[in-house]
Amino acid sequence: MAAKDLFQELKFRDPVRARALSEAIGHEVAALGRRVSVMHVCGSHEQAIARFGLRAVLPPDLELIMGPGCPVCVTDGPEVDEAVALAVQGARVCTYGDMLRLPGTARSLADAQAEGAKVDVVYSVSQALELAEKHPADEVVFLGSGFETTAVATAAVALANPPKNFSILSVHKYVPAAMNVVAESPETNIEGYIAAGHAAIITGWGIFEPFAARTGKPVVVAGFEPLDILAAILKLTELMRAGKPEVANVYPRCVTKEGNLAAQRSLWKVFRPVTGRWRGIAEVRDGNLDLTPEYAHLDARKRFRIDTSPVRDEEAEEAAKGCICGSIMLGLANPGDCALFGRACVPESPVGACMVSSEGQCRIWHTYGGVPDLRKVGT
Amino acid sequence: MCLGVPGKVLAIDGMSATVDFFGVRKELRLDIVDEPVSVGDYVLNHVGFAIRRIPPDEVQETLALFDQILDVSGAKADLMAADVRGEIAAAKHKE
Ligand code: SF4
Chain A
1 MAAKDLFQEL KFRDPVRARA LSEAIGHEVA ALGRRVSVMH VCGSHEQAIA
51 RFGLRAVLPP DLELIMGPGC PVCVTDGPEV DEAVALAVQG ARVCTYGDML
101 RLPGTARSLA DAQAEGAKVD VVYSVSQALE LAEKHPADEV VFLGSGFETT
151 AVATAAVALA NPPKNFSILS VHKYVPAAMN VVAESPETNI EGYIAAGHAA
201 IITGWGIFEP FAARTGKPVV VAGFEPLDIL AAILKLTELM RAGKPEVANV
251 YPRCVTKEGN LAAQRSLWKV FRPVTGRWRG IAEVRDGNLD LTPEYAHLDA
301 RKRFRIDTSP VRDEEAEEAA KGCICGSIML GLANPGDCAL FGRACVPESP
351 VGACMVSSEG QCRIWHTYGG VPDLRKVGT
Chain B
380 MCLGVPGKVL AIDGMSATVD FFGVRKELRL DIVDEPVSVG DYVLNHVGFA
430 IRRIPPDEVQ ETLALFDQIL DVSGAKADLM AADVRGEIAA AKHKE
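Protein sequence lines correspond, in order, to chains A and B. With our numbering applied, the first sequence corresponds to residues 1 to 379, in that order. With our numbering applied, the second sequence corresponds to residues 380 to 474, in that order.
Next up, chain A with everything else stripped away, as it sits in the complex (with noise of 0.2 Å):
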């Protein structure tokens, strides 16, 4: 069957499905009777929402809000410093293509590169073991981003005995404690949560049930189709109509309660959850993924004396204060509401973290033509 038949097919975008998903939401919000807003954590959620403009198709007094669901736009500027002073330092750095442009408090590790350190885009942390074994004379020092689905990887890798001359420099973060963030901020009026799809194959959706019980607002995992995301808003507005705190998934096809138990367990060896900074946002109550005592030997962190004072410009942080990233990811902004969207802030010399990675929200809607949201086009 060709592609086009198939597609014809195909459960996850059928707008007759998509006009009926529509109706009900307008149906529970109307019930409702009030203004609602539900949050979102994914970038890939975001990208989805966009490009098909589903913001479109909800009622005015429904807000879909894109929450603090990039790891690169949370990753802290002093984090970035230690990457940067590695690299000046003479390690071969190896790291994610969104890393590369991520701005630490004055350098990024592609302005380290341009000077001639050694730093190399990986596409998987397998690569960086590859070059480890490739250059035994280099320090590999991985940094390591994303959240739980990618630190499995990165557990995987140091669960494999490594060469030597390979360690990790873990800026990864955890996916509830950015929900936790948001339900904590006293400005919050967000009434439901939709869960990413993907970590949830890791943790499963059962590691949802706290938080639920916990805060009062539902819990829904939704998958990365149109209909997927529709239809999790549907489940969203029956459960804040029907005042039940609980946890749905409707995306069955891929996630469990349970989730995959063995890449949790490497997960759990490797990596523990510590109280960080996150960029724009505050201190985050285990936020990030940190090598535990038993893999000391692989963190970067322990392993070299990080000098970042030649690489940090507490002055250049500054500069980039007119950033309201942080108040876009915890839902109380939006990049139109910044002075600097599309004009002093554009992916090609962002100021803020949000429009550096593919998954930042400001990149988001600046590639989708500034605001994605249709029903605001004109007001």
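Source of the hints: derived by calculation from the structure; they are not laboratory data. One or more hints might be untrue.
Here chain B is said to cover these stretches of chain A; the calculated rule only asks that three of the stretch's residues, wherever they fall, bring their Cβ under 8 Å from a Cβ of chain B [to be verified]:
1) 120-126
2) 194-206
3) 250-260
Chain B side only, calculated, beta carbon under 10 Å to chain A, not exhaustive [stated by the list, open to error]:
4) His425
5) Phe428
6) Arg431
A virtual CB, placed ideally from N, CA and C, is assigned to each residue, including glycine.
Got chain A; can you put chain B with the ligand on it based on the hints?
Only chain B with the ligand this time, still in chain A's reference frame:
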């Protein structure tokens, strides 16, 4: 980064599998996949690691979806397509 691209398993050697992604062959690690994988299965890829074996009845839909993502006109400016392309292209330097 979080999308995950599906591919068909062509061969398995210990913890490593040769997987076909839209005509591009690539080595994928099997350390963290949820179920035992055999030749002919489809798996979801996340940063070079198989994270899930796709149940056989969903394979067609998943494949058609990714075909479509890669196929959209103006895909250059499309971040989802760019992410998927990036994942697939990464395989190319290895050949
Ligand atoms: S447009 Fe740029 S400066 Fe403004 S909030 Fe977004 S990333 Fe920050």
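Cross-check of the supplied hints:
1. With 4 residues bearing a CB less than 8 Å from a CB of chain B, the stretch 120-126 of chain A meets the requirement of three and the coverage assertion stands.
2. Here the stretch 194-206 of chain A counts 5 residues with a CB under 8 Å from a CB of chain B, which clears the bar of 3, and the coverage holds.
3. By the rule of at least three residues with a Cβ nearer than 8 Å to a Cβ of chain B, the coverage given for the stretch 250-260 of chain A holds, with 3 such residues.
4. Of the supplied interface hints, the one on His425 of chain B holds, with its beta-carbon coming within about 6 Å of a beta-carbon of chain A, less than 10 Å.
5. With its C-beta approaching chain A no nearer than about 5 Å, Phe428 of chain B sits inside the 10 Å limit, and its interface hint holds.
6. The closest approach between the C-beta of Arg431 of chain B and any C-beta of chain A is roughly 5 Å, which is under the 10 Å cut-off, so the hint is satisfied.
Violated hints are absent here; each numbered hint is respected by the structure.
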